[in-house]
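Novice: Turn these sequences into a full structure, and let the hints steer you where they fit.
Residue numbers (our numbering), protein chains in the order written: chain W, 95 to 508; chain U, 95 to 508.
These aren't lab readings, by the way, just hints derived from the structure by calculation.
Honestly, I wouldn't trust all of these hints.
Because identical chains share one entry, a pair is satisfied inside a single copy or across any pair of copies.
What the hints assert, rightly or not - List of simulated lysine-lysine pairs, DSS-like, C-alpha gap at most 30 Å:
no.: 1; residue 1: Lys239; residue 2: Lys265
no.: 2; residue 1: Lys223; residue 2: Lys317
no.: 3; residue 1: Lys405; residue 2: Lys364
no.: 4; residue 1: Lys317; residue 2: Lys506
no.: 5; residue 1: Lys456; residue 2: Lys201
no.: 6; residue 1: Lys201; residue 2: Lys506
no.: 7; residue 1: Lys481; residue 2: Lys211
no.: 8; residue 1: Lys405; residue 2: Lys434
no.: 9; residue 1: Lys223; residue 2: Lys306
no.: 10; residue 1: Lys405; residue 2: Lys211
no.: 11; residue 1: Lys506; residue 2: Lys326
no.: 12; residue 1: Lys405; residue 2: Lys456
no.: 13; residue 1: Lys211; residue 2: Lys306
no.: 14; residue 1: Lys363; residue 2: Lys481
no.: 15; residue 1: Lys199; residue 2: Lys210
no.: 16; residue 1: Lys481; residue 2: Lys223
no.: 17; residue 1: Lys239; residue 2: Lys149
no.: 18; residue 1: Lys506; residue 2: Lys363
no.: 19; residue 1: Lys201; residue 2: Lys481
no.: 20; residue 1: Lys236; residue 2: Lys210
no.: 21; residue 1: Lys201; residue 2: Lys236
no.: 22; residue 1: Lys456; residue 2: Lys199
Protein chains: 2
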Amino acid sequence: MAVCEILSVGTELLLGDILNTDTRYLSRALASMGISVLRHSTVGDNRERLAAELKNSLERSDIIITSGGLGPTTDDLTKEVCCEVMGFELQEDSSIVEEIRSYFKSKNADMPENNKKQALIPVGGTVFKNNHGTAPGLAIEKDGKCIIMLPGPPSELEPMFEESVRDFLSKYSDGVIASHTINIIGAGESAVALELGDMFDGENPTVAPYAKQGEVQLRVTAKADTTDEADKMCEPIIKDICSRLGAIVYGVDAGNIESRVVSLLVQNKKTIACAESCTAGYIAKRITDIAGASSVFGCGIVSYSNDIKMKILGVSEETLRAHGAVSEQTAKEMALGALKVSGADIAIASTGIAGPGSSCNKEAGLSFVAVATNNFIHVQKIETGHKNDREYNRYVTASRALNLARLVLEGKIK
Amino acid sequence: MAVCEILSVGTELLLGDILNTDTRYLSRALASMGISVLRHSTVGDNRERLAAELKNSLERSDIIITSGGLGPTTDDLTKEVCCEVMGFELQEDSSIVEEIRSYFKSKNADMPENNKKQALIPVGGTVFKNNHGTAPGLAIEKDGKCIIMLPGPPSELEPMFEESVRDFLSKYSDGVIASHTINIIGAGESAVALELGDMFDGENPTVAPYAKQGEVQLRVTAKADTTDEADKMCEPIIKDICSRLGAIVYGVDAGNIESRVVSLLVQNKKTIACAESCTAGYIAKRITDIAGASSVFGCGIVSYSNDIKMKILGVSEETLRAHGAVSEQTAKEMALGALKVSGADIAIASTGIAGPGSSCNKEAGLSFVAVATNNFIHVQKIETGHKNDREYNRYVTASRALNLARLVLEGKIK
Chain W
95 MAVCEILSVG TELLLGDILN TDTRYLSRAL ASMGISVLRH STVGDNRERL
145 AAELKNSLER SDIIITSGGL GPTTDDLTKE VCCEVMGFEL QEDSSIVEEI
195 RSYFKSKNAD MPENNKKQAL IPVGGTVFKN NHGTAPGLAI EKDGKCIIML
245 PGPPSELEPM FEESVRDFLS KYSDGVIASH TINIIGAGES AVALELGDMF
295 DGENPTVAPY AKQGEVQLRV TAKADTTDEA DKMCEPIIKD ICSRLGAIVY
345 GVDAGNIESR VVSLLVQNKK TIACAESCTA GYIAKRITDI AGASSVFGCG
395 IVSYSNDIKM KILGVSEETL RAHGAVSEQT AKEMALGALK VSGADIAIAS
445 TGIAGPGSSC NKEAGLSFVA VATNNFIHVQ KIETGHKNDR EYNRYVTASR
495 ALNLARLVLE GKIK
Chain U
95 MAVCEILSVG TELLLGDILN TDTRYLSRAL ASMGISVLRH STVGDNRERL
145 AAELKNSLER SDIIITSGGL GPTTDDLTKE VCCEVMGFEL QEDSSIVEEI
195 RSYFKSKNAD MPENNKKQAL IPVGGTVFKN NHGTAPGLAI EKDGKCIIML
245 PGPPSELEPM FEESVRDFLS KYSDGVIASH TINIIGAGES AVALELGDMF
295 DGENPTVAPY AKQGEVQLRV TAKADTTDEA DKMCEPIIKD ICSRLGAIVY
345 GVDAGNIESR VVSLLVQNKK TIACAESCTA GYIAKRITDI AGASSVFGCG
395 IVSYSNDIKM KILGVSEETL RAHGAVSEQT AKEMALGALK VSGADIAIAS
445 TGIAGPGSSC NKEAGLSFVA VATNNFIHVQ KIETGHKNDR EYNRYVTASR
495 ALNLARLVLE GKIK
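Specialist: So, in structure tokens, the structure goes:
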């Protein structure tokens with residue numbers, strides 16, 4: 095089986111200026127093709143260190159995929175150094191100059207002169223067209239080794255991989271890995287591990303747990319000659335885990351709770367609305383991250399102030415005075431208000447202290463989420479225990495609100 | 095100057111299941127301390143490969159910081175392997191067992207037996223208390239080399255770094271790097287690079303551009319004995335760049351456009367509201383990402399359906415019929431509606447096609463953003479050119495709406 099390493103190039107990565115999402119994307123794509131990724135590494139825009147890293151990687155692995163350093167500026171060195179290390183020459187390709195020029199034209203701009211550098215192509219290499227930017231991707235192959243150079247911006251790298259690189263790599267893929275993820279909300283990693291302890295020792299399929307922002311995921315992975323076979327090996331294990339864990343499993347390969355909720359809504363021909371205080375748009379944003387959400391979602395009210403809670407959602411002044419904005423009662427009235435103003439079938443609501451620190455004598459990490467339909471209303475209290483992590487508290491509160499909608503749609507709350 | 099490498103451990107990273115945010119966090123923190131990060135690498139939960147990587151790293155660098163692999167399950171190997179490679183023994187620490195037990199108690203849970211493994215501590219090592227989870231951090235030092243082991247979850251690693259590791263590392267830091275970022279919305283990387291081309295050749299300070307989700311950032315970095323000195327070296331360069339680029343610069347070290355907008359609102363004692371169609375909560379979410387946003391933001395309307403655009407925001411049926419939901423006119427009426435319903439000083443609105451694909455005969459990536467005050471209204475048309483990137487289109491549209499608010503608050507639109 096072909097062994098691959100991913101090498102990211104860019105001082106901005108070493109300085110922590112940007113998050114390395116390319117490596118994750120490529121890892122996932124390669125895993126699905128049955129190409130083993132053994133290492134990730136990152137070096138800066140430095141000729142010597144990049145060359146040293148490439149030489150080491152070529153000794154260990156068959157395929158090196160680089161991302162970044164194909165830009166028009168002088169600190170973009172990846173192409174030159176890769177070609178030097180593998181012994182390839184660079185030559186300007188006039189048709190690529192024209193492509194870059196027309197890319198700029200499509201954006202009503204002139205091509206800056208320095209972008210011409212991106213049209214230098216290794217003689218004998220493969221060119222991957224960039225339909226979303228100016229730097230083409232490249233591959234050079236020699237003596238059973240292959241370096242693939244991709245542009246750094248995810249908006250260019252990802253479509254280029256799907257449009258060209260996946261096909262190009264198929265010759266290196268033997269055997270197939272199938273991997274499925276069981277998505278869990280409502281129990282910690284340790285508790286899940288303890289419940290399933292004996293299942294983590296298998297070699298093929300393997301089961302591995304990991305924690306992810308208030309969720310636990312279990313990855314079941316099998317290797318076989320075909321995807322079908324590998325999938326069949328995973329099936330009984332997945333079934334067993336789901337039956338052991340019960341209602342805390344919200345999906346298999348569901349991606350995330352918002353995807354699961356949107357697909358349940360579509361299946362059941364139901365609509366949803368939301369009223370958000372502490373999450374303040376995060377629930378609506380996550381629902382509408384899913385393409386096609388417009389068929390099930392029309393209305394979200396971000397009522398960050400008490401004034402808007404009363405004016406738009408009809409939360410009573412008395413409730414706010416007696417119980418405070420962060421309370422079971424307010425969460426309930428917000429959900430009922432969203433149900434009424436939107437005309438949706440289901441409404442979810444959130445109110446809480448996102449933090450950092452405390453407010454109104456309540457500690458950050460405390461929140462209430464509610465779900466309402468025309469027949470019932472249900473509230474849940476959440477204490478994340480993360481006093482200083484605003485993002486975590488908002489994300490987890492949004493997840494829990496969405497999870498209530500999931501439980502309603504699955505008939506597990508009624 | 096001490097040289098550092100960051101080594102992430104976890105098969106889930108190599109499979110692309112999770113994004114490596116730890117490395118970014120650590121890189122940024124180390125850069126601010128004047129500790130050079132020369133490489134990032136990631137290996138799986140594999141004893142041999144982890145040991146090999148550690149040995150290589152120790153040859154090149156003074157400090158290795160690992161993240162991940164300190165969990166309670168059998169595939170968590172980091173501690174054992176690091177101690178083996180450096181020659182440290184492990185011993186159970188009963189006070190740490192008690193800490194872990196009381197952590198579970200605070201969550202109303204019993205400690206699973208396997209968590210005891212996390213109380214194994216290298217004899218002669220340093221322990222960093224974990225106030226947000228169960229695995230303590232550890233440091234072992236020998237012969238001028240140091241390995242620091244941190245837990246993988248960002249919600250544990252980040253506070254642990256701030257609470258303990260930063261102090262521990264101060265002895266390795268000599269000289270200081272000051273780094274400042276100039277934030278730009280409204281021009282591409284190539285165009286900015288061309289405008290400033292001659293400024294990229296400096297050695298100290300250095301200026302480096304990079305693109306980031308519809309924005310360009312320029313990083314100006316200087317090295318000196320003290321932060322003050324380094325800052326003073328950056329100052330004239332930053333001033334020169336800002337004056338060359340003009341209104342497209344929205345800040346220096348502003349972090350992001352939402353931070354800039356919130357701080358301008360606070361400074362000017364103004365409030366903001368938003369009405370969102372295609373961004374559907376993303377603007378509100380980004381404003382309220384900023385702790386303390388409640389003093390300037392009270393109301394957001396997510397009007398994903400035409401019905402809600404009319405009902406809550408008062409967009410006229412005639413406008414929607416004649417111009418469509420994705421139009422200059424609708425964006426304007428949405429902003430005016432949000433201004434009215436919220437009573438805020440400034441309202442921003444978005445409507446567009448997030449994609450993928452096209453709808454209503456309009457292509458994804460097209461959007462309109464508007465800003466309204468009691469005195470004027472201004473609309474901007476955006477074409478991102480990203481037909482298939484829903485996240486990008488939504489993010490950039492939200493950024494542009496926020497940028498309109500920024501221009502108003504800076505008196506650049508009136």
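Novice: Would you mind marking each hint as holding or not holding in the structure?
Specialist: The hints, checked one at a time:
no.: 1; hint: Lys239 - Lys265; result: within (13 Å within a copy, 43 Å between copies)
no.: 2; hint: Lys223 - Lys317; result: neither (32 Å within a copy, 40 Å between copies)
no.: 3; hint: Lys405 - Lys364; result: both (26 Å within a copy, 21 Å between copies)
no.: 4; hint: Lys317 - Lys506; result: neither (35 Å within a copy, 60 Å between copies)
no.: 5; hint: Lys456 - Lys201; result: between (51 Å within a copy, 17 Å between copies)
no.: 6; hint: Lys201 - Lys506; result: between (51 Å within a copy, 25 Å between copies)
no.: 7; hint: Lys481 - Lys211; result: between (50 Å within a copy, 26 Å between copies)
no.: 8; hint: Lys405 - Lys434; result: both (13 Å within a copy, 12 Å between copies)
no.: 9; hint: Lys223 - Lys306; result: between (35 Å within a copy, 21 Å between copies)
no.: 10; hint: Lys405 - Lys211; result: neither (58 Å within a copy, 54 Å between copies)
no.: 11; hint: Lys506 - Lys326; result: within (29 Å within a copy, 62 Å between copies)
no.: 12; hint: Lys405 - Lys456; result: within (25 Å within a copy, 35 Å between copies)
no.: 13; hint: Lys211 - Lys306; result: between (41 Å within a copy, 21 Å between copies)
no.: 14; hint: Lys363 - Lys481; result: between (39 Å within a copy, 28 Å between copies)
no.: 15; hint: Lys199 - Lys210; result: within (15 Å within a copy, 63 Å between copies)
no.: 16; hint: Lys481 - Lys223; result: between (48 Å within a copy, 16 Å between copies)
no.: 17; hint: Lys239 - Lys149; result: both (11 Å within a copy, 25 Å between copies)
no.: 18; hint: Lys506 - Lys363; result: within (18 Å within a copy, 47 Å between copies)
no.: 19; hint: Lys201 - Lys481; result: between (46 Å within a copy, 13 Å between copies)
no.: 20; hint: Lys236 - Lys210; result: within (27 Å within a copy, 51 Å between copies)
no.: 21; hint: Lys201 - Lys236; result: neither (38 Å within a copy, 57 Å between copies)
no.: 22; hint: Lys456 - Lys199; result: between (56 Å within a copy, 20 Å between copies)
In this structure, the earlier hints numbered 2, 4, 10, 21 are contradicted, and the remaining ones agree with it.
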